[in-house]
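Quick note, the sequences are listed as chains A and B, same order.
Position one of the first sequence corresponds to residue 1 (my numbering), numbered consecutively onward.
Position one of the second sequence corresponds to residue 1 (my numbering), numbered consecutively onward.
Worth flagging that the hints you see were computed from the coordinates, not collected in a lab.
Heads up, some of the hints might be wrong.
As the list claims (entries may be wrong) - With the Cβ distance kept under 10 angstroms, some of the chain B side facing chain A (calculated, not the full set):
| no. | residue |
| --- | --- |
| 1 | Asp10 |
| 2 | Lys11 |
| 3 | Gly12 |
| 4 | Tyr17 |
| 5 | Glu24 |
| 6 | Val28 |
| 7 | Pro62 |
| 8 | Tyr63 |
A virtual CB, placed ideally from N, CA and C, is assigned to each residue, including glycine.
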Amino acid sequence: MSNLTKEQAEALIAEVLEVYPEKAKKDRTKHLAVNDQSIEQSKKCITSNRKSLPGVMTIRGCAYAGSKGVVWGPIKDMIHISHGPVGCGQYSRAGRRNYYVGMTGVNTFGTMNFTSDFQEKDIVFGGDKKLAKLIGEIEGLFPLNKGISVQSECPIGLIGDDIEAVSKKAAVEFDKPVVPVRCEGFRGVSQSLGHHIANDAIRDWVFGRDGKDIKQEFVPGPYDVSIIGDYNIGGDAWSSRILLEEMGLRVVAQWSGDGTLAEIELTPKVKLNLIHCYRSMNYIARHMEEKYNIPWIEYNFFGPTKIAESLRAIASHFDDKIKAGAEAVIAKYQPMVDAIVAKYKTRLEGKRVMLYVGGLRPRHVIGSYEDLGMEVVGTGYEFGHNDDYDRTIKEMGNATLLYDDVTGFEFEEFVKRVKPDLIGSGIKEKYIFQKMGVPFRQMHSWDYSGPYHGYDGFAIFARDMDMTINNPCWKKMEAPWLKKPEVAEEMAKAA
Amino acid sequence: MANIMIRRSDKGDYVFYLPKRDLEDTIVSMEFDTPEKWGGEIKLNNGGAYFIEPQTAPERLPYSVRAKRLDAAE
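Kindly generate the complete structure, drawing on both the sequences and the hints.
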């Protein structure tokens, strides 16, 4: 199907909304829009960060997911206690593929699950004693941990446990940061508030602590930067880091993929904060800008065009040496990029993609697809805010679809009508669309591949997209006995 | 009353940020904008209006300050 015009896209949205009851229809209308680049402010066309409608299939997570799963979880040398019943921690354990180096269970704890496993008596009599005991046990069993965070699950807020008091006491007893995080799942409308709460907890409990020993030994340099909001999924942060180091910068901290507590404590000493995932970590960057006078910029390491743009933008904050370094890096990788584009562009050109992901990818990966000659015809955020859509409108073509917190039904209907050649979303959507015969890539976990950031990541990205779209299985969607007779005759002739 | 943060954008104009609601917008007009007297009624691009107690201008931005909501957009 050729691309929709603006009127067709609007008609499509109206048609999809037709099945809802009056009230639901009114609510959902605000979350669906046709992109128009002339609009300056997204709030004029799309509403976001609102409570999901009861009764529809939403794909959002909770505040605990935003704090434990996204922001705190990847900090590898701390132990993150899922404080509450066992399920929240266990079913999300190690699912996000935040790679790290270290000996798991000795000095790093990324893929392990620590939980207070609440029982009925803990709900009735309170779980503070259990938490204190648990922290003591952790200290005995894993003495090389650098700190502990207490990630509250829903019951903690409901029964009113005082985790702050327990944490403060434990922090004094063991002389380590013990961070209580009030990220109960019922807070907010999506995981987005969890990010905010987690950022505030770092601000109050980690920066506030003013790590004694590490900071004195640290010698600040003129080219110190930190990578903020890169969770090292499939090694993303590593493939970003090497580019920054090649252009002459010193990466002091990675937030929080493959990151450590010491790196986080040192971040207030850097010269520039580089933000990849704006949605989940802009809060701490704003705080550091105000308190420590560290400017921050957003960058995008998906696809060579955006990488080159970002490297130059980053270099513009430094002297000529770094600027020359950036040009050298871009020039160095250009032959590699040319080879990738030459190899895959012919196989991928003109293919149309629909995306529906989380924090930054609905807009950041557009550049990657465009570098391969593909076109993004629809995009949406699970939990984006207005400022995310402000940034998205400029990236997307006119008359493309924007859908906020899309429901299962709407997404399926859009796909049936728009007929994209590829869908990029998460695990919950994957099998529905594969069974509908549409090629699908998970854009949260890179479908167990990756990294996709940086020049090295672009090579893997291109290969994966080719592998998915041009997979021979998509030609076998129809059973042989259901094929039209002329095809069968041809086959008989050939045989 | 709400805590807001005011910073300068790359273009040089004031940007308003309300952390509680994750609201970011450019400031269209500020009643007083001199080093001695700074603040007063501020108008946002989205149509909202807030009031900052007039004070001496902050030494550097971003700057967090208490503000009163006069007229919210939305």
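Verification of the hints:
Because the beta carbon of aspartate 10 (chain B) sits about 9 angstroms from the nearest beta carbon in chain A, less than 10 angstroms, this interface hint is met. Interface hint at lysine 11 (chain B): violated, since its Cβ lies 13 angstroms from the closest Cβ of chain A, which is beyond the 10 angstroms cut-off. Nearest Cβ of chain A to the Cβ of glycine 12 (chain B): about 14 angstroms, over the 10 angstroms cut. The hint is violated. Contact between tyrosine 17 (chain B) and chain A, as hinted, is supported at the beta carbon level, the nearest pair being about 7 angstroms apart and thus within 10 angstroms.
For glutamate 24 (chain B), the suggested interface contact is upheld, since its CB lies about 5 angstroms from the closest CB of chain A, less than 10 angstroms. Contact between valine 28 (chain B) and chain A, as hinted, is not supported at the beta carbon level, the nearest pair being about 12 angstroms apart and thus beyond 10 angstroms. The interface hint given for proline 62 (chain B) holds, since its Cβ lies 4 angstroms from the closest Cβ of chain A, which is under the 10 angstroms cut-off. Taking 10 angstroms as the C-beta contact cut-off toward chain A, the hint placing tyrosine 63 (chain B) at the interface holds, the least distance being around 7 angstroms.
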